[in-house]
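So the sequence lines, in the order shown, correspond to chains A and B.
Each number in the working numbering corresponds to the 1-based position in the first sequence with 4 added.
Each number in the working numbering corresponds to the 1-based position in the second sequence with 2 added.
For the record, the hints were derived by calculation from the structure and aren't laboratory data.
For every residue, glycine included, the Cβ atom is placed at its ideal position computed from N, Cα and C.
It is possible that part of the hints are untrue.
[Claimed, not checked] Taking CB as the label site, the calculated pair distances span:
id: 1; chain 1: B; residue 1: A61; chain 2: A; residue 2: T50; range: 49 to 59 Å
id: 2; chain 1: A; residue 1: A111; chain 2: B; residue 2: A46; range: 17 to 27 Å
id: 3; chain 1: B; residue 1: A46; chain 2: A; residue 2: D259; range: 11 to 21 Å
id: 4; chain 1: A; residue 1: P48; chain 2: B; residue 2: A61; range: 51 to 61 Å
id: 5; chain 1: B; residue 1: T67; chain 2: A; residue 2: C322; range: 36 to 46 Å
id: 6; chain 1: A; residue 1: E308; chain 2: B; residue 2: A46; range: 25 to 35 Å
[Stated by the list, open to error] Which residues of chain A face chain B? A partial, calculated answer using Cβ under 8 Å:
id: 7; residue: L196
id: 8; residue: L199
id: 9; residue: A207
id: 10; residue: F233
id: 11; residue: A240
id: 12; residue: N267
id: 13; residue: N268
id: 14; residue: P297
id: 15; residue: E301
id: 16; residue: S305
[Claimed, not checked] If you want the ones that stay clear, here's a sample from chain B, every Cβ over 12 Å from chain A, calculated:
id: 17; residue: R68
id: 18; residue: D75
id: 19; residue: A77
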Amino acid sequence: MIGPAARLCLALLLAGLAACSTHRLQEAEAARSRVEIARTPFFPQTDHHCGPAALATILAASGADTTPAALTNEVYLPKRRGSLQAELLASARRHARVAYVLDPSLASLLAELERDQPVLVLQNFGLASLPLWHYAVVIGYDRERDAFLLRSGRHEQQQLAAARFLGTWRRAGNWGVIALRPGELPADGTALRFLTAVDALDAQGHHEVAMPSYESAVRRWPEESLAWFALGNNRAALGLNSAAESAYREVLQRDAGYLPALNNLALLMARRGCRTPALEMLESVRAEADNGPYAAEIADSLREIRSLAAPAAPPSSCP
Amino acid sequence: MSMRLGLTRTVVGVSLAALVATGLPSTARAGMISTSEAVAAQAAPERVANLSKVQATLARADVRTRLQALGVDPADAATRAAALPDADLARLANGMDKLPAGGDDSLLAVVGIVFLVLLLLDYLDVIHVFSNHRR
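Modelling step: build the complete structure from the supplied sequences, incorporating the hints.
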């Protein structure tokens with residue numbers, strides 16, 4: 005029989021082994037021996053302003069002209085003595101950047117660092133149940149020393165043991181964000197993740213700023229219906245209706261039953277006089293759409309199209 | 003320097019609700035399906051399906067009449083439904099599946115509507131009849 009003391013030792017030993025096997029940068033397949041994005045600017049934080057300082061760091065690194073002092077009003081909540089993640093993202097968008105939240109994995113973090121993209125991270129230096137939050141910017145790693153390099157607080161170059169950093173990062177949900185310039189793509193991740201980030205910028209009213217990012221998305225993910233659909237919506241929002249129609253048609257060539265593209269294409273067609281083909285398109289999918297998430301919109305579109313006066317002579321360009 | 007915040011979940015919940023809400027048919031660009039809505043449908047298809055089922059029920063004339071008689075604004079109820087956590091929304095949508103479709107005056111249908119309205123109000127935190135699943 006094993007005594008309590010012996011069992012405790014065993015538990016600690018196993019925990020230690022687990023820590024070694026997951027925390028070593030070498031085993032995480034860090035591609036380079038050392039990465040340090042030295043051009044990343046440094047803004048030493050004042051008081052509790054780690055949010056504005058970290059945000060200014062990644063924004064300035066991406067070429068935006070800003071400082072922590074200029075951002076404090078946008079993201080700092082005096083009563084909470086801190087900043088909320090959602091506000092950091094919204095503020096980055098106000099500076100015409102796509103605030104892209106990384107896939108919460110070490111592989112994605114390393115991939116961004118290896119192409120010289122500094123990453124704003126949330127860390128928890130407390131416990132899961134009694135958190136002590138902190139924002140910092142990871143600017144590289146050192147594989148031999150098994151450490152991450154950060155701009156953090158008042159430290160221009162903080163070297164944090166990989167196990168320590170990854171522990172604080174994991175307790176914050178492995179949350180990391182990068183500021184992408186219009187048209188710039190992340191190192192990895194899915195089309196859905198990228199389009200979510202671009203749409204958030206677009207939805208804040210920055211249609212023109214978002215456009216190059218949608219164009220990059222269809223180049224990287226040409227088979228992705230959502231990417232073409234999003235590009236079509238962006239063009240429609242900018243009043244480029246004929247270009248929007250072509251983007252919707254790209255979707256339908258790949259996936260003839262993609263309801264959002266059918267609906268929006270039919271509306272644009274009907275509004276320029278092609279009422280009959282638009283009605284036919286929607287009538288043909290109505291039954292299929294009926295119990296799905298787009299049933300209400302498709303019913304609305306049918307009503308709108310039917311209420312449009314039939315043109316004396318439909319334009320010759322109707323398909 | 004550090005700070006405390008325990009609002010991550012709330013923020014995520016509120017943004018998801020906003021995301022879903024912006025895609026609802028009553029938005030400014032009438033009829034056009036927004037990218038946010040398509041993104042939400044692809045990211046959380048079950049949630050979107052459940053929400054559209056609940057919203058369709060809230061749009062039924064018999065249900066709206068009953069809600070208004072109880073002093074509940076149907077539009078307010080729809081907003082609350084969009085903010086429900088995934089699990090509650092799924093249970094609510096599941097409860098609706100088991101009810102008669104409505105449209106006839108049989109006793110069963112009337113009982114069904116009353117049950118439906120009570121179920122809605124319970125989940126939307128207006129009254130608590132069936133459960134103490136919160137607070």
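Violating hint indices (sorted, rising): none
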